[in-house]
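Chemist: Here is what each chain is made of, one letter per residue.
There are 4 protein chains.
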Amino acid sequence: MTRILVPVQLRWSDLDAYSHVNNVEMFRLFEEARIEAFWRHPDAERDGSPTAVLDAGPGAATTTLVARQEIEYLVALPYRRRPVIVELWLGRLGGASVDVCYLLRDDDEPEPTVYARAQATLVLVDATTGAPRRINEVERAAWQPYVEDPIAFRRRR
Amino acid sequence: MTRILVPVQLRWSDLDAYSHVNNVEMFRLFEEARIEAFWRHPDAERDGSPTAVLDAGPGAATTTLVARQEIEYLVALPYRRRPVIVELWLGRLGGASVDVCYLLRDDDEPEPTVYARAQATLVLVDATTGAPRRINEVERAAWQPYVEDPIAFRRRR
Amino acid sequence: MTRILVPVQLRWSDLDAYSHVNNVEMFRLFEEARIEAFWRHPDAERDGSPTAVLDAGPGAATTTLVARQEIEYLVALPYRRRPVIVELWLGRLGGASVDVCYLLRDDDEPEPTVYARAQATLVLVDATTGAPRRINEVERAAWQPYVEDPIAFRRRR
Amino acid sequence: MTRILVPVQLRWSDLDAYSHVNNVEMFRLFEEARIEAFWRHPDAERDGSPTAVLDAGPGAATTTLVARQEIEYLVALPYRRRPVIVELWLGRLGGASVDVCYLLRDDDEPEPTVYARAQATLVLVDATTGAPRRINEVERAAWQPYVEDPIAFRRRR
Numbered sequence: 001m002t003r004i005l006v007p008v009q010l011r012w013s014d015l016d017a018y019s020h021v022n023n024v025e026m027f028r029l030f031e032e033a034r035i036e037a038f039w040r041h042p043d044a045e046r047d048g049s050p051t052a053v054l055d056a057g058p059g060a061a062t063t064t065l066v067a068r069q070e071i072e073y074l075v076a077l078p079y080r081r082r083p084v085i086v087e088l089w090l091g092r093l094g095g096a097s098v099d100v101c102y103l104l105r106d107d108d109e110p111e112p113t114v115y116a117r118a119q120a121t122l123v124l125v126d127a128t129t130g131a132p133r134r135i136n137e138v139e140r141a142a143w144q145p146y147v148e149d150p151i152a153f154r155r156r157r
Numbered sequence: 158m159t160r161i162l163v164p165v166q167l168r169w170s171d172l173d174a175y176s177h178v179n180n181v182e183m184f185r186l187f188e189e190a191r192i193e194a195f196w197r198h199p200d201a202e203r204d205g206s207p208t209a210v211l212d213a214g215p216g217a218a219t220t221t222l223v224a225r226q227e228i229e230y231l232v233a234l235p236y237r238r239r240p241v242i243v244e245l246w247l248g249r250l251g252g253a254s255v256d257v258c259y260l261l262r263d264d265d266e267p268e269p270t271v272y273a274r275a276q277a278t279l280v281l282v283d284a285t286t287g288a289p290r291r292i293n294e295v296e297r298a299a300w301q302p303y304v305e306d307p308i309a310f311r312r313r314r
Numbered sequence: 315m316t317r318i319l320v321p322v323q324l325r326w327s328d329l330d331a332y333s334h335v336n337n338v339e340m341f342r343l344f345e346e347a348r349i350e351a352f353w354r355h356p357d358a359e360r361d362g363s364p365t366a367v368l369d370a371g372p373g374a375a376t377t378t379l380v381a382r383q384e385i386e387y388l389v390a391l392p393y394r395r396r397p398v399i400v401e402l403w404l405g406r407l408g409g410a411s412v413d414v415c416y417l418l419r420d421d422d423e424p425e426p427t428v429y430a431r432a433q434a435t436l437v438l439v440d441a442t443t444g445a446p447r448r449i450n451e452v453e454r455a456a457w458q459p460y461v462e463d464p465i466a467f468r469r470r471r
Numbered sequence: 472m473t474r475i476l477v478p479v480q481l482r483w484s485d486l487d488a489y490s491h492v493n494n495v496e497m498f499r500l501f502e503e504a505r506i507e508a509f510w511r512h513p514d515a516e517r518d519g520s521p522t523a524v525l526d527a528g529p530g531a532a533t534t535t536l537v538a539r540q541e542i543e544y545l546v547a548l549p550y551r552r553r554p555v556i557v558e559l560w561l562g563r564l565g566g567a568s569v570d571v572c573y574l575l576r577d578d579d580e581p582e583p584t585v586y587a588r589a590q591a592t593l594v595l596v597d598a599t600t601g602a603p604r605r606i607n608e609v610e611r612a613a614w615q616p617y618v619e620d621p622i623a624f625r626r627r628r
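Protein chains in written order, with our numbering: chain A, 1 to 157; chain B, 158 to 314; chain C, 315 to 471; chain D, 472 to 628.
Think of the hints as simulated: they come from the structure by calculation, not from any bench. This structure is a prediction, so every number in the text was calculated from the model and none was measured. C-beta atoms are modelled at their ideal positions from N, C-alpha and C, and glycine is treated no differently. There could be a bad hint or two in this list.
Here are some of the chain B residues that sit facing chain A, going by a computed Cβ distance under 10 Å [to be verified]:
(1) Val-223
(2) Ala-224
(3) Arg-225
(4) Glu-227
(5) Tyr-236
(6) Arg-239
(7) Leu-250
(8) Ala-253
(9) Asp-256
(10) Ala-298
(11) Val-304
(12) Glu-305
(13) Arg-312
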């Protein structure tokens, strides 16, 4: 079981008037973690991010499109300066799309609190044509080790 | 089939660098529509909002807690000054929780573009004790007419 | 004294953990009001917005660049469903830039509460070249009636 | 000249449709840096943050209120994964308020690009009474070394 761990810094503005991280903002934290984990950036190699091979971002050849998302909130997340951990893996590695699985948790051992579990389906899109494009061999090789079972959601009806 | 239609104004800041409404921001639009539809506010009676009976908001007796959310994105939503329409109904009216169903769409007749469909499970929580509290008779009477089938998501695996 | 009055809808997410509209979000409200007041949009003529003549927005010929901003916060703004009013005028109408003045207030007569006063310097930029471009005659004619004294800030040191 | 340097991580959502960090979001970056620099938090001592002595945050004895802000934007800030640097000092240390000065810059030597310079007046407020409260001796001792000339804004009229 190989997973990607991305520390993400909360912002004061992630809190809503109930003084917890707002339920919508949790998708922001996942968005940040996903970009850190998968988008190529100048410091990725030095930082040891073997999955950060996707040429996305402003002006890049690929854009990513979110096709669906699902989340279950487990524990309210209070404010903290210490980063939270987003634990990522792939629940499916398709032809032009992937299912990214997330746990939002802290880093206490041995039983970290899990605040939310979520899943997003991402489609890789050619930035010029706007059409889905196939995951290439570099990407597939980089991401294959992180494929395992998707999240088993418990509150679906 | 009785549904609640809430016009919601986009903000320029809802766009991301791809020049479309960001996928996370769509949950913000739903949040706004849900508050407009269900929270009691001084102008609700005048405005003819029979479902706006929930005593939530800062300092109120009830807070709402989102237990799960799910969304399917259908069409990219470009910027516009004209409000978008959030169409709401209840997919389930439980003892202390409801499933709110959403369509994000425009108002063109006869076939409005639907940008996304989504669903959220809300739990009513006593603001003092933090425990779930039962939906009361006033709320149940106000919301019952809007109960129908929940959204049939098509991209679940 | 001719001023532009733009009602702006708060969002629940404008609140921070102190349960008031966050100080940074007030700039968002001004941004929204400025766009409504000055950007050309399909409904502007119908809506009677004579100042909405600027061809900005995604894909347009002009972008606007904010060169400076200044704000004084006067009264904490609590949550409300009723829109707040942004009152706008121009403190200066230059060759390629304008100073936009704002009051954030409610609409109670005769003495509305003023929550903040602010000013922003906007530069009109050619979207292709990235260089400032002169305010054209249509824009100047539309905006000239709204020029008056700029805001007299009281807390500068 | 002693200054506080706070690295701040951009988020993808800080970009607007012009593909640069939005002018309003820069105040968010300053807000984050200010909290990191001045609010007491469990890890501050370990992290060597001698100025992080203010007991603020949710549930704390003190809240901070922003009384005014001013900013000049110098260079558009494009997206980057590498943190930007917020350089902070105090332009004034008053009885119950401070003027916080900011430079938003990168960390290239010897001449880092400065994207914006700004200043905010913060008032310390007793969370119970809502009244301003005096800066105490611990705070004053911690912050005094960082007092120097305030920012000389160049675009005021």
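Chemist: Hint by hint, say whether it matches the structure.
Modeler: We went through each hint and held it up to the structure:
{"no.": "1", "hint": "Val-223", "in the structure": "holds (4 Å)"}
{"no.": "2", "hint": "Ala-224", "in the structure": "holds (6 Å)"}
{"no.": "3", "hint": "Arg-225", "in the structure": "holds (5 Å)"}
{"no.": "4", "hint": "Glu-227", "in the structure": "holds (4 Å)"}
{"no.": "5", "hint": "Tyr-236", "in the structure": "violated (17 Å)"}
{"no.": "6", "hint": "Arg-239", "in the structure": "violated (23 Å)"}
{"no.": "7", "hint": "Leu-250", "in the structure": "violated (13 Å)"}
{"no.": "8", "hint": "Ala-253", "in the structure": "violated (14 Å)"}
{"no.": "9", "hint": "Asp-256", "in the structure": "holds (7 Å)"}
{"no.": "10", "hint": "Ala-298", "in the structure": "violated (23 Å)"}
{"no.": "11", "hint": "Val-304", "in the structure": "violated (14 Å)"}
{"no.": "12", "hint": "Glu-305", "in the structure": "violated (14 Å)"}
{"no.": "13", "hint": "Arg-312", "in the structure": "holds (5 Å)"}
Checked against the numbered hints listed earlier, the structure breaks hints 5, 6, 7, 8, 10, 11, 12; every other hint is satisfied.
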